[in-house]
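Chemist: Single-letter residue listing:
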Amino acid sequence: MAQPQAIQRTAPVERRLEAVQAALEAQGLAVAQGVDELSHKAQEEWVPRNGGRVVAKAWVDPGVPPAAAGRRPQRGGRAGPVDAQAPPPPGGAGEHGHGAERHLLHAVLVHRLHHHRPAPDWYKDLEYRARVVRESRTVLREMGLDLPPEVEIRVWDTTADTRYMVLPQQPAHTIGWPEDKLAAIVTRDAMIGVAKL
Amino acid sequence: MDGIHDLGGKQGFGRVRYTLDAPAFHAPWEVRANALYGHAVRLGLFNMDEYRHAIERMEPRHYLTAGYYERTLTSVATLIVEKGLVSRQELEERAGGAVPLAAPSAPGRGNLPQRETLPAR
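Line by line, the protein sequences are chains A and B. Per numbering that gives the first Met the number 0, residue 0 is the first one in the first sequence, and the count goes up by one each step. Per numbering that gives the first Met the number 0, residue 0 is the first one in the second sequence, and the count goes up by one each step.
FYI, nobody ran anything at the bench for these hints, they're computed from the structure. Where a beta carbon is used, it is the ideal one built from N, C-alpha and C, also for glycine. A couple of the hints might just be wrong.
Said to hold, decoys possible - Stretch-level coverage of chain A by chain B, calculated; a stretch enters the list once three of its residues show a Cβ under 8 Å from a Cβ in chain B:
(1) 28-36
(2) 125-132
(3) 136-142
Start from the sequences, fold in the hints, and give me the full structure.
Modeler: Here is the structure:
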């Protein structure tokens, strides 16, 4: 029989955090300054506009292949959206959007096992992680993105080793815009694949 | 281990609480918890794989009810105790209450009969 333990109320989470930080400080580890610095970075530097600049560069740089850049395909075909494209799967066929049989594809990201940081709250919630891999179309619709049935949805599951970014399709009316202006229209949610631009 | 963290495809969850321009943090302590974890990795107290593993080892009920940054904090607290940097008692004294930690690392579940897993008497 284990010894009965005194019932002790769990300390509030902020007190636990302070305790961890203070205990490390007491070990002679300079923690406070590093925490301040990384807090600043997480809020001011690791921001979605970094991704927006990458997207804008891919849109305007002719060196980036169309499939990777998510440009509107040149050939006619159907007018359905190729909303977003992710890198081709390892070893798989990744040609979408500019082949003879154009594939109407929408990419969406999830971190099924964990989380991203600093990601939007809903991305880290249990609901999104559990459901988007099983009923992606329903989840996207609930989030305001109603994709036509002919659009295939592919969910890219981030792992500890691999992170993805969706390269959204450039809106037609922005063709020819300067890179700075393009970068400003890119949203975090479009780079996750739950919204269009 | 097929832990509680492996949520993909689990059924019964409700709507995603989606808002436009959703924040990553809701309180200053969340920013600090996130930064503390990053800084601890930078100091070499533990690595990111250990950090993730400690979250995966959280007691399932605690995992499901803790928010994202409470899981972060629980992992950090667990690892610094396991590595002998601080004691759980010290953390609990400083916090003025219990500090729940993740369960110890253990091999995956087996299905051996009990007579093969208990030490011989």
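Chemist: Could you tell me which of the numbered hints above are not met by this structure, giving the numbers in increasing order?
Modeler: none
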